[in-house]
Amino acid sequence: MIHDISFGQYYPASSVLHKLDARFKIIMTLVLVVGVFFCNSVCSIALAALFCITMMLLSKIPIPTFLKNLKPLIPIIILTFILNIIYVPGEHVIWSVWKFQLTTEALQTAVFIAFRIVLLVIITSFLTYTTTPTALTSAIEDLLKWLKLFKVDVHSIAMMMSIALRFIPTLIDEINKIINAQKARGADFDSGNVIHKLKALVPVLIPLFISSFRRAYELANAMECRCYNGGEGRTKLKTMQSGLKDYIALGVCLAVVSGFILLNMIKIAGVY
Amino acid sequence: MSFIECRNLAYQYQGAKRFAIDHIDLDIEQGEFIAVIGHNGSGKSTLAKLLNGLFLPTQGSVCVDSIPTADEDRRLDLLQKVGMIFQNPDNQIVASIVEEDVAFGPENLGVPPEEIRKRVDEALQTVGMYDYRLKAPHNLSGGQKQRVAIAGIIAMQPQCIVMDESTAMLDPIGRREVMQSVKMLNRTLGITIIYITHFMNEAVKADRVILLDHGIVAADGTPKEVFADYQRIIDFGLDVPQSYELMHRLGCDETVLTEDECVTKLEELLKENGNT
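Sequence order for the protein chains is Z and E. For any residue, its number in the working numbering is found by taking its place in the first sequence, counting from 1, and adding 113. For any residue, its number in the working numbering is found by taking its place in the second sequence, counting from 1, and adding 731.
Pulled out of the complex, with its shape left as it was, chain Z reads as follows (with noise of 0.2 Å):
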């Protein structure tokens, strides 16, 4: 039934991108991510997806990895787009049919909107593809060290979330066997309506919350066992260091956003 999720993998390969430091990415990542938001213009929205293409070399991840990543927000791109082509005002009308009326305002926007969706969604892909889980936690960890201040077990949180991360292929590998094991009992998931397929599933939750709670158990046990103690004193086998090529990058992208906002004022043919 669940077969494979792309959700947060990382996709091994020794490219510049791989081997920045995990912090400076994260940041670099809610740079651009703020910067697209800025991209009001055919100009700067071609840079961005210039910037993202060069990326995508770099990096040396196939490109249709990075699109397989777009496929469920197809949906959601196209209901935005014709929201926007709906409820956007415009003077200039291009076509009308009844109330409404198609203008070039609504379908600038429209188009940018979409255009927008994508991008972001491929640079966030670029921290999640080139960046292990555990070194995505860790820059968290280090980038939230801060909340310390206030109290907030920062350390935990961050372990929290690597072995969630970490368990979510062997609960995948669980809820298919229990998927099974219920079918081979006679249990029916796939006919009758909404609320009769919910109700399949609740033999199918509980059964997994139940071996949840004992796994968390056993390994709290071995955890234990293998000395862990929380955050203090602990050392890490990798540790986290920012070189030239951090700055560098945190500069280009620093680069890129400003030559976002200054190409939104260049006009062309009369189109923002």
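Calculated from the structure, these hints are not laboratory results. The beta-carbon is built from N, C-alpha and C at its ideal position, and this holds for glycine as well. One should not assume that every hint holds.
Unchecked claim - Ranges of calculated distance between the beta carbons of each label pair, as one might list FRET restraints:
| id | chain 1 | residue 1 | chain 2 | residue 2 | range |
| --- | --- | --- | --- | --- | --- |
| 1 | E | 998 | Z | 320 | 32 to 40 Å |
| 2 | E | 848 | Z | 180 | 36 to 44 Å |
| 3 | Z | 299 | E | 807 | 48 to 56 Å |
| 4 | Z | 264 | E | 799 | 31 to 39 Å |
| 5 | Z | 354 | E | 807 | 27 to 35 Å |
| 6 | E | 990 | Z | 255 | 50 to 58 Å |
Starting from the known structure of chain Z, fit chain E onto it as the hints suggest.
Same frame as chain Z, but now just chain E:
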């Protein structure tokens, strides 16, 4: 003084009527390879958990290398000395990459990064999983996962490893892989192994076998000594190794425990019969 000393050791689960471990005395020397056998509920796993302080004795005491397990202040020392491998390989792997999981123990101990790197590489080479160091654990076989778990323990440089039915969920190939790794650790690094199992073919490979029954030590000695009385083993609700079973049915009185011994013995018998 022995490496592990159990004195008048007793443990009672909360709300249970009888003792799961019923006042036993046990000495284990550094470098021994011990198999612990017994039927379900005989107290095998309870004993394992008492050895590294996961459970604290209800009565009596356990000392590991002169550290009492009840000593709260030296808890980390104790856990570092006595590593433990559990039954389900999935529930003891913490990280999503093999080498990062092996590093988990040393990281907790506060070992410097360069030293962790060295220990992780050595530990993975020792169990023959070095080529898999960058793989995700969920893509490995059961035997491989269990070897990764063993590497995670070796990286903490323990003096003793307790295997709590660690091969129960594995296929025969996985069991053999794990047994080989553990034997090698015992021979080359001199690590004390306490191997809890219900596979008798594995138990006979140990130097010493401890048979538990209802929380007491029913037999303790070399495999030959413990398995000497065929009927007694059966009465304890245990199996006997297949070779022993075969020879017993053939009317041979000797304690034949391993496949090799069995083959030699069969040859002898056949020759004798051929002569008469």
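Comparing the hints with the structure gives:
no.: 1; hint: E:998 with Z:320: 32 to 40 Å; verdict: 52 Å, violated
no.: 2; hint: E:848 with Z:180: 36 to 44 Å; verdict: 37 Å, holds
no.: 3; hint: Z:299 with E:807: 48 to 56 Å; verdict: 52 Å, holds
no.: 4; hint: Z:264 with E:799: 31 to 39 Å; verdict: 35 Å, holds
no.: 5; hint: Z:354 with E:807: 27 to 35 Å; verdict: 28 Å, holds
no.: 6; hint: E:990 with Z:255: 50 to 58 Å; verdict: 55 Å, holds
Hint check: a violation occurs at hint 1 only; the rest are consistent with the structure.
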